[in-house]
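Colleague: So you can see what is in the structure, the chains are spelled out below.
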Amino acid sequence: MIGVSKAFGGVHALRDVDFDLRRGEIHGLVGENGAGKSTMMKIIAGVYHGFEGEMRVNGERVEFRSPRDALAAGIGMVHQELSIVPDLTVAENVFLGVQPTAAGVVNWARMKREARKQLSTLGLEVDPAARMGSLPVGLQQLVELSRVLFSGARIIILDEPTSALSPPEVQRLFQALRRLREQGRTIVFISHFLDDVLEISDRITVFRNGHKVITDDTANFTKDSVISHMIGRGSAEMHMGESAELVGDDSKPVVLEARALDDGLMVKDVSLKLRAGEITGVYGFMGCGQVELSRLLFGKGALRRGQLLLNGKPVRLRSTAAARKAGIAYVPENRGMMLFRTEQVFKNISIAILDKINRLFLKPRREREIAEIHIKDLQIRPPRTDIALGNLSGGNQQKVALAKWLTHLPKVLILSEPTRGMDVGAKEDVIRIVKSLRDRGVAVLVLSTEPETILTLADRVTVLRRGVVAKEFTSGRLEKADLLDAA
Amino acid sequence: MTMATETTQRPFELKRFMAEQMRNIAPVFTLIVLVAFFATQAPSFRTFDNMMNILSQASITGIIAVGLTFVILTAEIDLSVAAIANAIGITMAYFTIQPDYVNIANIPLNGAVAIILTLASCLALGLVNAFGVTAIGIPSFIMTLAMMQIANGISAMLVRGQIAYTFPDLVTTLGAGTIFGVKWSIVVCLLFLLVAHLVLTYTRFGRYVYMVGGNREAAEYSGVNVKFILGAVMVICAMCAGIAGMLGVAYFGSAQQNQFDTFLLDAIAAVVVGGTSLFGGRGGIGNTIIGLLVLGVLNNGLDHVEIDSFLKILIRGLILLAALVINVYAQKLRESARD
Numbered sequence: 001m002i003g004v005s006k007a008f009g010g011v012h013a014l015r016d017v018d019f020d021l022r023r024g025e026i027h028g029l030v031g032e033n034g035a036g037k038s039t040m041m042k043i044i045a046g047v048y049h050g051f052e053g054e055m056r057v058n059g060e061r062v063e064f065r066s067p068r069d070a071l072a073a074g075i076g077m078v079h080q081e082l083s084i085v086p087d088l089t090v091a092e093n094v095f096l097g098v099q100p101t102a103a104g105v106v107n108w109a110r111m112k113r114e115a116r117k118q119l120s121t122l123g124l125e126v127d128p129a130a131r132m133g134s135l136p137v138g139l140q141q142l143v144e145l146s147r148v149l150f151s152g153a154r155i156i157i158l159d160e161p162t163s164a165l166s167p168p169e170v171q172r173l174f175q176a177l178r179r180l181r182e183q184g185r186t187i188v189f190i191s192h193f194l195d196d197v198l199e200i201s202d203r204i205t206v207f208r209n210g211h212k213v214i215t216d217d218t219a220n221f222t223k224d225s226v227i228s229h230m231i232g233r234g235s236a237e238m239h240m241g242e243s244a245e246l247v248g249d250d251s252k253p254v255v256l257e258a259r260a261l262d263d264g265l266m267v268k269d270v271s272l273k274l275r276a277g278e279i280t281g282v283y284g285f286m287g288c289g290q291v292e293l294s295r296l297l298f299g300k301g302a303l304r305r306g307q308l309l310l311n312g313k314p315v316r317l318r319s320t321a322a323a324r325k326a327g328i329a330y331v332p333e334n335r336g337m338m339l340f341r342t343e344q345v346f347k348n349i350s351i352a353i354l355d356k357i358n359r360l361f362l363k364p365r366r367e368r369e370i371a372e373i374h375i376k377d378l379q380i381r382p383p384r385t386d387i388a389l390g391n392l393s394g395g396n397q398q399k400v401a402l403a404k405w406l407t408h409l410p411k412v413l414i415l416s417e418p419t420r421g422m423d424v425g426a427k428e429d430v431i432r433i434v435k436s437l438r439d440r441g442v443a444v445l446v447l448s449t450e451p452e453t454i455l456t457l458a459d460r461v462t463v464l465r466r467g468v469v470a471k472e473f474t475s476g477r478l479e480k481a482d483l484l485d486a487a
Numbered sequence: 488m489t490m491a492t493e494t495t496q497r498p499f500e501l502k503r504f505m506a507e508q509m510r511n512i513a514p515v516f517t518l519i520v521l522v523a524f525f526a527t528q529a530p531s532f533r534t535f536d537n538m539m540n541i542l543s544q545a546s547i548t549g550i551i552a553v554g555l556t557f558v559i560l561t562a563e564i565d566l567s568v569a570a571i572a573n574a575i576g577i578t579m580a581y582f583t584i585q586p587d588y589v590n591i592a593n594i595p596l597n598g599a600v601a602i603i604l605t606l607a608s609c610l611a612l613g614l615v616n617a618f619g620v621t622a623i624g625i626p627s628f629i630m631t632l633a634m635m636q637i638a639n640g641i642s643a644m645l646v647r648g649q650i651a652y653t654f655p656d657l658v659t660t661l662g663a664g665t666i667f668g669v670k671w672s673i674v675v676c677l678l679f680l681l682v683a684h685l686v687l688t689y690t691r692f693g694r695y696v697y698m699v700g701g702n703r704e705a706a707e708y709s710g711v712n713v714k715f716i717l718g719a720v721m722v723i724c725a726m727c728a729g730i731a732g733m734l735g736v737a738y739f740g741s742a743q744q745n746q747f748d749t750f751l752l753d754a755i756a757a758v759v760v761g762g763t764s765l766f767g768g769r770g771g772i773g774n775t776i777i778g779l780l781v782l783g784v785l786n787n788g789l790d791h792v793e794i795d796s797f798l799k800i801l802i803r804g805l806i807l808l809a810a811l812v813i814n815v816y817a818q819k820l821r822e823s824a825r826d
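Residue numbers (this note's numbering), protein chains in the order written: chain D, 1 to 487; chain U, 488 to 826.
If you are wondering where the hints come from, they were derived from the structure by calculation, not from laboratory data.
Take the hints with a grain of salt, since some may be wrong.
[Unchecked claim] Under the rule of at most 25 Å between Cα atoms (straight-line distance), these lysine to any residue pairs were calculated in the SDA-like manner:
1) K819(U) <-> L765(U)
2) K117(D) <-> G138(D)
3) K300(D) <-> G133(D)
4) K363(D) <-> F715(U)
5) K714(U) <-> F361(D)
6) K300(D) <-> P626(U)
7) K819(U) <-> I387(D)
[As the list claims (entries may be wrong)] Pairwise CB distance ranges, derived in the manner of DEER restraints:
8) G264(D) <-> L614(U): 29 to 35 Å
9) S243(D) <-> F715(U): 44 to 50 Å
10) V468(D) <-> V682(U): 52 to 58 Å
11) L752(U) <-> K363(D): 36 to 42 Å
12) V682(U) <-> G133(D): 46 to 52 Å
13) F504(U) <-> E428(D): 48 to 54 Å
14) L752(U) <-> N209(D): 49 to 55 Å
15) D127(D) <-> I802(U): 33 to 39 Å
16) F715(U) <-> L309(D): 22 to 28 Å
17) F504(U) <-> R432(D): 37 to 43 Å
[Stated by the list, open to error] Which residues of chain D face chain U? A partial, calculated answer using Cβ under 8 Å:
18) M111
19) Y330
20) P332
21) I351
22) A352
23) K356
24) L360
All values reported here derive from a predicted model rather than from experimental measurement.
C-beta atoms are modelled at their ideal positions from N, C-alpha and C, and glycine is treated no differently.
Hey, can you work out the whole structure from these sequences and the hints?
Modeller: Right, here's the structure in full:
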């Protein structure tokens, strides 16, 4: 890649970037949200076309019009959001779109055999006849990876592959990646998890503000130096989220109490007390029922048994609208679930408070004023109320999602994975916002699969395991190892 | 119109602008081409009387299309509008005293009472649609298909093959009368369009309609009562259809079965041809007005030029297909311009 630039609607996402990949290397790619690393990779993988500069594969100039073109040239990408079909079998997913056929009929036996062989090259023992949706996320990801491999990709781009994985799953992924490296394939590893990048990569490239800051051998980097390249200023090692001092205070008033909540599926007999001016953390691995728990608390999902008490009074939240009116705010884990990409920023911010600022008729000017305050407060970039939300980077979208609950303080704020997939700077912003809300008396619930998030934020911690409360930590020193141990 | 809120002050880029505005530009362009074509081809087309004629022909469809605009903006559909219009028109006749030669076992009531009862039954049909779609969770496509059959059944039961001719005076005036030489039905239709536009653009409810259509999940997680909004648009749609049916039978001068059959396609076509997105969240009354005019001009204009009358049906179908292609294509163009 030589002198690549790419602009979206006048905003430069990449400026004159040179970038190269060597055969048989694992190349780590880091940078804050909006630094340009995803844009660069999407250009390489043919997702975006039309850019300045040129791209060469094996010395030959190429131009991709679609991901299919890129794949034909041996470049495949595994996106953060997996493109699998949960209702089909593993084998069908591996062969999605290219099933082996005999006389027009799918050759199932061959498909299973090939799929098993393919998966075993990644060191996986998976039943090809198993339903994809029944596998844990980590395995689904590897199945998707094997699909990309099967189509002959020599260069594989992985976007945030470890963000949803438990530590053993990460190790399994790394083993698979090392095998691929031995086969002479090239892997690009995009991640916010610097420890993971430092562990697996041979070389690391750091992006900042659409520029490439540095490319060097991993041996020449430390976590500190990577961070300082990313944020552009010298920074001491941030001891963020290795351990925490819990300060749970049982004398604080309970705002929302859950008594033996049970949805008959993922949440089993969970009791929880959220106190004013405290951040309660709920930690657990993927699929431990925390997402479902958070939904129940926001009036979504069918409650089989159990009771909710708001300020000591029993409540039934029949809908999310009822929950919002009761003073509960919710930020789900997936940005697509809470934002309107094609609508303007100010409409995204005002949606949750429309009934507070307008009676019947809208007051767009007031909405914009409120939006402007939050944009300034949360340092949302670019600082515009009138552009469509889709034009903002991921971290900024996340801030908008938070902003919509900040005008009229909720009694309870529920945050599911508030910092997942965010860069250091945006993470710090979000942490600052959440803590300031706590200090203003909001009862905050943070649910996360990332121990760091819980340890940085929580005043007390509940660990969920398979839908059941496994352990509660109220005060004293809590180490990351304790959390992992309890989950 | 939503077009106004779309424009932003980012550096002007023609391609991007065109991509964003495709759904608004294409229908206006179509309208201009059609008017120019018919005006040059048929002298009888370009008279003032004919213009008024087009408007009055479009007025009943227009009232139905107003309700459908709400529904389609939330990415739902209502296939029962024409059947409801028919059933409600007949219901009103059923409550009105008929001439002796009309052999219907009706219940003649005072005009005002008849109108109120008719509106109430219309509300009831709308509530059934709303209940089915929100509380039970039947896809609106299927739910309103069932309602179409039910409403047709009501029509059949009430008139039993007969034709009714008299309606409450107020409705007769609004449906068939004129004011200052303008048909009352046009005035009523314009009023509906105006109120609907104001509701969609300037009220909280209108914003919710767009947001639910734009991203239903996000609306729900923002604490919007999505089911209420969906139910409300189904009821609004049924009410608009019912009122169109009441004025419609007065406009025709009679109430009988299968009288509104062509209105279903016309009303949906008007909304979609106008550029309101079938995927929800985009478009509005401005688009519907253009769509109504395109359809009105087309229906009327084809009568003024020398074309095989059987071919006309095919032509209408092809134009609708073209509009659908543009509708879906506009969405894709928009999305690709964003990324």
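Colleague: Can you name, in rising order, the numbers of the hints this structure does not satisfy?
Modeller: 13, 15, 18, 23
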